[in-house]
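Model the full structure from these sequences, guided by the hints.
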Amino acid sequence: MNNDMTVQSTSGKRKASSLFDPNIIKRASKEAFLKLNPKTVAKNPVMFVVEVGSLLTTILWIKELATHTGHPLFTGQCTLWLWFTVLFANFAEAMAEGRGKAQADTLRKTKTETKARKLDSNGIEQLVSATELRRGDRVVCEAGDIIPGDGEVVEGIASVDESAITGESAPVIRESGGDRSAVTGGTKVLSDKVVICITSNPGETFIDRMIALVEGAQRQKTPNEIALSILLSGLTIVFLLAVVTLQPFAIYSVKSAGVGEAPSVTVLVALLVCLIPTTIGGLLSAIGIAGMDRVMQHNVLAMSGKAVEAAGDVNTLLLDKTGTITLGNREAVEFIPLEGVKIDELANAAQLSSLADETPEGRSIVVLAKEQYGLRGRELQSHEAEFIPFTAQTRMSGINIDSQQVRKGAAGSVKAWVLNQKGTVTSELDDIVTRISSIGGTPLVVALNDKVLGVIYLKDVVKGGMKERFDELRRMGIKTIMITGDNPLTAKSIAEEAGVDDYLAEATPEDKMELIKREQAGGKLVAMTGDGTNDAPALAQADVGVAMNTGTQAAKEAGNMVDLDSNPTKLIEVVEIGKQLLMTRGALTTFSIANDVAKYFAIIPAMFMATYPALAALNIMKLSTPQSAILAAVIFNALIIIALIPLALRGVPYRPMGAAEVLRRNLLIYGVGGLIIPFPGIWVIDRLLSALHLA
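Count along the sequence shown from 1, add 2, and you get the number used in my numbering.
Derived DEER-like restraints, expressed as beta-carbon distance ranges: (1) 616 <-> 232: 32 to 42 Å; (2) 669 <-> 317: 21 to 31 Å; (3) 515 <-> 346: 48 to 58 Å; (4) 122 <-> 451: 49 to 59 Å; (5) 648 <-> 618: 33 to 43 Å; (6) 490 <-> 422: 28 to 38 Å; (7) 315 <-> 503: 15 to 25 Å; (8) 240 <-> 622: 21 to 31 Å; (9) 247 <-> 38: 23 to 33 Å.
The set of hints was computed from the structure by calculation and includes no laboratory data.
Idealized CB from N, CA, C, for every residue including glycine.
Spelled out as structure tokens, the structure:
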């Protein structure tokens, strides 16, 4: 099949673009001006007030230039810096968005025209454009083909290269049935042949959603962000009323005293901009967008900012066992010989009986014999070998080779076969089988001719590093619960090995939903990871639902995050990013409010010396003139936003700590810093303005 689609791999752990990547800066600079559109700025009440003030001072400046009245140099400088304040805030937001758009551009490279081998109602192939495919269509893909759209494997099994989506170079197995049948458009079939049922229409594919999401097109404000916006709007209104009423009071005072000069409109606008929380107002959107971007850097696709923020407050984490905590297939971990049987003899027979067994369990037996006992696959063509396939009726498989008959399978089936061969079975076998079953394992009995050799111990294999990651979650105050359809014995064994806090055995989809609702009723935020269709209801009910990319389409659509690496413990990073987002917003809010308080005491005495000469005594920084004080404050107000952009994008470094400790740290570092920094900053700018005769 000829494809005219080129798939380009993205980096494995989607490296974050350099904070000041030239391409992102160029794009953000352009976007900063486009965002001056009043309809766009109106979404941020604080910056909307700054833009209205900028327009007002612009009109006054033009008037002063035209009439040769007032102080056009002072008004012009204030106007320019007010515009710069709005532009810097827009630039911060555009920088955060630009990082996502750069990722979107990379993803778009995977969306070019390709051809699909569509099956008609008679099963005959037709070569059509991938854009013509609709939900429900069936297509054939073989080795070397690009999968033309999102779908489910309905026939066959194949190895698939998903590096174009996940960045991981290791291929994955996709097969019909089960929880590993979902395939993504743009990925490549490496081996074998599969029939795929398309599950999405053009424009609805996974890549389309990824592009839209990383560009922020569907981002909504979170409840905490809305609450903070209301607070900032309230402070802005309070200061607006206070500043507006200053003018009539000042005019009355000057007329009554017969001395002084009432502040101009430009001075009042500058004062308002300096006092309202412009710092956090200018960086608020950037913080939220950057949070989603940081999640994407960890190969997790967040459907909304709400999901990222909710992750920061998660109390309970539910994890599906199969494919999430465990590898998904049981593996051979031990050969247990009966008394009088050499373990090498058991390993050899077990491997012989598994050479034709292509199941994951069968392959794991061959590998265990090879790795622990040096037994390698042997050449059987010179022998009269007959492989006995596993059937649901016999519940065992094996091989007849030369004069030997080897069988492996369920204990009852193999025992019956041995007895049928006129052999005997000791009670020792029952003891071993019972012991393995009691700890949640699966015993496979191996027999040679009329003699039972021993037992192969199969178990669910817990993914590496799970226990350590769950310990880390516990330190973060998050309770972990494993949910599984297995029996209580198996569930208990896996739960202890993995290190989870609790488990729910023999769980139905309804049981999972009930558990989540019970936790939520207790005031807890619940996160869930899963990969199967049976996990979809619970993923939808959870406050944070992280679906594995290797899972079914239903699971991915139900969750509000998709882990492209299919690593369930990735939620640890997601939680840290959520907490980091909240901490960053809290830190910069503390800094902004403290900053405004400091600016008030720094510039008010100098600003109103002309109106109230007695205030000169409070000008402790000895700012040169009212004009230089005002201009210095406006310039500082604009520059501090630029200075804080890296912190807003990178986030405050996260360390596990309680709310009281976070508040104390914010007050000591960002609160005190916000109070101190404006004084030397405004003083230095004031001196520079005076030295350059700009005010």
